[in-house]
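If you're matching them up, the sequences are chains F and D in order.
Residue numbering for the first sequence follows our numbering, starting at 1 and increasing by one per position.
Residue numbering for the second sequence follows our numbering, starting at 102 and increasing by one per position.
If you are wondering where the hints come from, they were derived from the structure by calculation, not from laboratory data.
Glycine residues also receive a C-beta, built at the ideal position from the N, C-alpha and C atoms.
Careful, some of the hints might be misleading.
[Claimed, not checked] Derived CB-CB ranges, DEER-like:
1. F:Val93 to D:Ile257: 36 to 42 Å
2. F:Arg88 to D:Thr197: 43 to 49 Å
3. F:Arg88 to D:Ile257: 21 to 27 Å
4. F:Arg88 to D:Gly194: 18 to 24 Å
[Unchecked claim] Here are a few chain F residues that face chain D, going by a calculated C-beta distance under 8 Å:
5. Leu15
6. Leu18
7. Leu20
8. Leu25
9. Leu45
10. Ala75
11. Ala91
12. Met99
[What the hints assert, rightly or not] Computed footprint of chain D on chain F, listed as stretches where at least three residues anywhere in the stretch have a Cβ under 8 Å from a Cβ of chain D:
13. 32 to 38
14. 62 to 74
15. 78 to 86
These are the residues of each chain, in order.
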Amino acid sequence: MSVGLAHYLVVSGILFSLGLLGVILRRNLLVIYMGLEMMLNAANLALVAFSRFTNNLDGQVFVFFIITVAAAEVAVGLALIVALYRRRQSAHVEDLTFMKL
Amino acid sequence: MTADLFFYLFAACTLVCGFLVIANPFSLNPVTSAMFLVLTMVFLAGLFVLLHAFFLAAIQVLVYAGAVMVLFLFVIMLLDLKTEERRRLKVFGIATGLIAVGAILSIFFRTLARAPLGASPAPELEGSTMALGKLLFTRYLLPFEVVSVLLLVAMIGAIFLSKKELK
Numbered sequence: 001m002s003v004g005l006a007h008y009l010v011v012s013g014i015l016f017s018l019g020l021l022g023v024i025l026r027r028n029l030l031v032i033y034m035g036l037e038m039m040l041n042a043a044n045l046a047l048v049a050f051s052r053f054t055n056n057l058d059g060q061v062f063v064f065f066i067i068t069v070a071a072a073e074v075a076v077g078l079a080l081i082v083a084l085y086r087r088r089q090s091a092h093v094e095d096l097t098f099m100k101l
Numbered sequence: 102m103t104a105d106l107f108f109y110l111f112a113a114c115t116l117v118c119g120f121l122v123i124a125n126p127f128s129l130n131p132v133t134s135a136m137f138l139v140l141t142m143v144f145l146a147g148l149f150v151l152l153h154a155f156f157l158a159a160i161q162v163l164v165y166a167g168a169v170m171v172l173f174l175f176v177i178m179l180l181d182l183k184t185e186e187r188r189r190l191k192v193f194g195i196a197t198g199l200i201a202v203g204a205i206l207s208i209f210f211r212t213l214a215r216a217p218l219g220a221s222p223a224p225e226l227e228g229s230t231m232a233l234g235k236l237l238f239t240r241y242l243l244p245f246e247v248v249s250v251l252l253l254v255a256m257i258g259a260i261f262l263s264k265k266e267l268k
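The following block holds chain F by itself, in its conformation from the complex (with noise of 0.2 Å):
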């Protein structure tokens, strides 16, 4: 059978099941992150799957934006890592509570 559609969709949603399992299953925010990205660049494969099939150009652009933001986000979000590291002393998210009522 030859490789179709159906193939790349299916390794793109397993990949993003993996994703989902590190941010539920990891207590490190840095490895929760790293599950967030693996989710983003599951939806690109999708993306550049369908836009490969579908013979349109704009899945692609999409991806090439979807990179960028990413790229910004994370960013962003290491450096908030960063600066809640030096007020707790801790990337572990069962440690910082302190939001809770």
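Given the coordinates of chain F, work out where chain D should sit on it, guided by the hints.
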């Protein structure tokens, strides 16, 4: 046929490395996770090449595997995360995570089974730099400029947030 073989190779490597990012049985060290995330990105770039998205494959390696992951590693080295290795995964977290992921996956596969994807015709689209550039500077000119402003805002925000004392 060779392309199919490469697809299975890259897909398997991507998923295995992705799994090792989140649940490495040998080490919970964030540095190991980051290294496997780099490998995931590189194999995804291979999948992009198989989809003839050459420009995006190069961008993926340059921006993700290069810039973003270097930023991650810098921050990991900036923070002292030695205590992380002594923490174990919680059974409650594993259970809820597996339930949530199982639900998402079942929804996804049911949708995929019903979707009228059909037999895909031989596609001829080429995601070359020229084709993407033409589109970016004609139809998507305004979003392109807005994204550049967004990058500027992110840069200012990151500098402001990482100053010694926030006022």
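>> Name the hints, by number, that the structure is in violation of.
In response: Hints 1, 2, 12 are the ones this structure does not satisfy, whereas the remaining hints hold.
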